[in-house]
Amino acid sequence: MLQLKGTIERVVFYNPANHYSVLRFKLRDNQIVTVVGLIPGAAVGKELELTGEYTSHPQYGKQFSATAYVERAPLEAVGIEKYLGSGLVPGIGPGTAKRLVAHFGADTLRVLEHSPERLQEVPGLGASKRAKLLNGLAGQREVQKVMVFLQGHGITPAYASRIYREYGAETEAAIRKNPYRLADDVFGIGFRTADKLARELGFLPEEPRRLAAGIRFVLREAENSGHCYLPLGVLEKDAAAALEVPPELIAPIVENLVQGKHLVRAVQGEETRIYRVPVYAAEVAVAGKLRDLSRLPVPFLSESLAAELQAFTARYGIALVEAQRQAIATALSHGVTVITGGPGTGKTTLVKALVHICEARQWSVYLAAPTGRAAKRLQEATGQEAKTVHRLLEYTPQQQHFHFARNEENPLRCDMLVLDESSMMDLSLMYHLLRAVPLGCRLVLVGDVDQLPPVGAGNVLRDIISSGLLPLVRLEVIFRQAKESLIISNAHRINRGEFPYLATNRRDFLFLAEDDPERVVACVLEVVQQRLPKLYRYHPIQDIQVLTPMRRTATGVDNLNLLLQRALNPPSPSKAEVQTPGTVLRLGDKVMQIRNNYTRFVYNGDVGTIVAIDGEDGELTVAYPERNVVYELTELSELTLAYASTVHKSQGSEYRAVVLPFTTQHYVMLQRNLLYTAITRAREMVVIVGSKRAVAIAVKNNKLEQRYTGLATLLTQGWLL
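My numbering applies: residue 162 is where the sequence shown begins, and numbers increase by one.
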């Protein structure tokens with residue numbers, strides 16, 4: 162790392178929200194360099210000692226990327242005047258700065274620090290102005306003190322800024338008292354970072370606050386893996402391993418957390434389950450609301466149903482099969498109905514018929530889906546407006562937390578709510594949705610239970626079905642048009658545990674045999690870049706999606722994205738780009754949002770294209786299907802390249818063509834429901850590049866991912882405390 166000493170000559174760009182700065186910086190030898198980095202309170206005249214390194218930006222050239230800084234007080238009158246007049250300190254503008262320096266000269270800062278009463282000597286500086294000036298200086302000193310403290314313990318300026326926004330002037334005192342609270346209070350500061358800081362501050366490995374924070378960390382990690390709780394024995398083992406302490410130290414801390422109502426203990430048979438409080442509360446609430454909805458009688462009007470179905474057939478030329486008619490009757494006559502079926506079994510047609518009947522009865526009906534992509538597909542297929550669950554519940558930004566305008570006090574006004582792709586609903590989102598569903602509304606859950614479980618905690622659809630509490634209709638008849646699709650027929654073969662028909666000359670389903678991972682990669686690149694665009698006029702970025710089981714390995718997401726970016730969107734003098742911790746993002750790149758950002762209304766899995774990069778203003782713009790979103794350069798860790806994606810991330814999406822590298826390199830992920838989910842993402846074409854052995858392993862492996870969830874038990878038995 163290099164160190165530079167000098168003075169801020171000009172602030173090209175400064176974002177007060179996150180302190181990202183682009184500066185013209187004058188070194189001691191009068192050389193001017195461009196500096197970029199997170200520098201709170203960057204202002205002309207400030208003297209800084211910067212730590213970082215020189216980088217080369219393809220558009221803006223050589224610049225110094227600062228990772229840490231120390232502020233030095235300016236020594237000369239000219240520098241002091243620039244510093245004070247920069248607007249950084251409330252109460253001091255250029256005119257006031259000029260008067261102060263004219264009166265006190267090079268002693269100005271010393272007077273402000275040690276003899277503030279002398280400000281009365283300055284002509285035209287009244288009492289209120291003096292008070293505002295001194296308060297502003299005190300605030301700047303406090304910020305500087307906190308930044309020095311945090312950076313001295315290895316906290317980057319970006320996270321230091323977040324921490325200061327959370328605790329303000331009490332930052333250092335709060336952290337010294339309990340650094341582990343950072344993991345709960347500040348987004349992006351995990352247990353590991355807080356633990357490192359705590360150890361540097363002298364906290365011992367067996368400190369109870371450390372053990373408590375570690376236990377909560379292990380439970381959160383479990384939720385990130387899809388679990389709602391951990392059995393006590395598993396929690397003790399995992400927490401002891403994460404904390405590197407004897408397992409016998411964990412149980413007493415868990416007991417203390419339970420007694421303090423920070424965790425919940427629920428007993429089911431011989432199993433003791435440990436939950437975080439909000440997760441248990443969500444499971445109980447979801448189970449209770451589903452039971453309430455299912456028990457409340459709803460008017461059916463069965464005498465008009467036959468005529469309404471005939472009218473639907475006459476209007477759309479679609480004849481419904483018996484299972485579809487049964488599903489419609491069940492949905493109209495019950496508070497909650499579950500409808501599940503694979504591709505081509507008529508789920509969307511059924512929803513369209515429900516919409517038609519509701520319109521005929523003058524009932525209000527809402528259509529929703531967990532993702533924007535799924536909602537768009539539903540709207541196109543039914544002709545009825547469909548919204549994401551977030552839009553339906555009228556989400557409003559509130560930091561990184563959920564806040565919906567629709568809830569028990571302000572419920573939805575509808576007679577029927579149809580939720581498509583319900584297999585993607587995690588526990589948290591289902592909890593918020595059910596809060597807003599009024600009693601008397603018919604809730605219809607439509608989905609394919611054989612797909613992968615949701616990315617978040619819980620396995621709601623599967624738990625509802627396994628409980629046996631709610632009416633369930635399975636659609637199993639494959640319609641004639643669907644039977645002609647090898648994509649759909651192979652999906653059903655895979656789901657039955659049968660080996661798919663791997664054609665080498667079909668228009669909709671191709672298998673290209675390659676065993677060597679490097680050859681698989683080369684073949685994938687050739688198929689995406691040349692073969693499909695040339696033979697079928699697919700756009701390699703907009704129409705084709707590469708899906709793969711894993712992130713790492715040669716045929717994983719990370720490597721394929723780098724190679725596909727190089728092939729499909731290579732660097733060019735005309736294309737701006739920006740370096741992120743993981744990769745380079747370039748104008749024209751296909752990118753994916755990898756966490757929910759509620760303030761910008763973009764969500765985990767959303768895919769768009771980079772349409773602008775403004776290095777001077779520190780901004781990058783991504784065009785998503787519904788709108789453009791502007792990111793600050795400090796937020797780019799939320800984006801990743803999306804030429805290739807994991808199968809899990811593709812849930813709810815549909816692409817014209819899917820290219821699937823499938824090799825024994827992915828052995829631990831070769832599962833039937835993963836292969837099934839992957840090929841059902843394609844609308845027109847699937848190309849599998851890999852080995853028949855890998856396909857056979859996946860088809861035979863029907864072992865479902867075990868998730869620790871309690872919803873099924875709560876639906877049938879109630880509270881487990």
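To be clear, the hints were calculated from the coordinates, so they are not data collected in a lab.
Treat the numbers as computed from the prediction; the structure is a model and nothing was measured.
Some clues are possibly wrong.
As the list claims (entries may be wrong) - When the alpha-carbon atoms are kept at most 27 Å apart in a straight line, the in silico DSSO-like pairs for lysine-lysine are as follows:
{"id": "1", "residue 1": "Lys-293", "residue 2": "Lys-357"}
{"id": "2", "residue 1": "Lys-166", "residue 2": "Lys-187"}
{"id": "3", "residue 1": "Lys-338", "residue 2": "Lys-357"}
{"id": "4", "residue 1": "Lys-290", "residue 2": "Lys-306"}
{"id": "5", "residue 1": "Lys-422", "residue 2": "Lys-338"}
{"id": "6", "residue 1": "Lys-398", "residue 2": "Lys-861"}
{"id": "7", "residue 1": "Lys-306", "residue 2": "Lys-293"}
{"id": "8", "residue 1": "Lys-306", "residue 2": "Lys-187"}
{"id": "9", "residue 1": "Lys-290", "residue 2": "Lys-357"}
{"id": "10", "residue 1": "Lys-293", "residue 2": "Lys-223"}
{"id": "11", "residue 1": "Lys-450", "residue 2": "Lys-357"}
{"id": "12", "residue 1": "Lys-187", "residue 2": "Lys-293"}
{"id": "13", "residue 1": "Lys-537", "residue 2": "Lys-810"}
{"id": "14", "residue 1": "Lys-864", "residue 2": "Lys-853"}
{"id": "15", "residue 1": "Lys-293", "residue 2": "Lys-338"}
Okay, the hints, checked on the actual structure:
1. Lys-293 - Lys-357: Between Lys-293 and Lys-357 the Cα gap is close to 39 Å, so the pair fails against 27 Å, i.e. violated.
2. Lys-166 - Lys-187: holds, 8 Å
3. Lys-338 - Lys-357: Holds, at about 15 Å.
4. Lys-290 - Lys-306: With Cα atoms ~24 Å apart, Lys-290 and Lys-306 stay inside 27 Å; holds.
5. Lys-422 - Lys-338: holds, 22 Å
6. Lys-398 - Lys-861: The given pair, whose Cα atoms are some 32 Å apart, is violated under the 27 Å limit.
7. Lys-306 - Lys-293: holds, 20 Å
8. Lys-306 - Lys-187: holds, 24 Å
9. Lys-290 - Lys-357: Violated, at about 43 Å.
10. Lys-293 - Lys-223: violated, 40 Å
11. Lys-450 - Lys-357: Status violated; Cα separation ~43 Å.
12. Lys-187 - Lys-293: Violated, at roughly 30 Å.
13. Lys-537 - Lys-810: Holds, at roughly 17 Å.
14. Lys-864 - Lys-853: Holds: Lys-864 and Lys-853 sit about 20 Å apart, inside 27 Å.
15. Lys-293 - Lys-338: With Cα atoms ~31 Å apart, Lys-293 and Lys-338 exceed 27 Å; violated.
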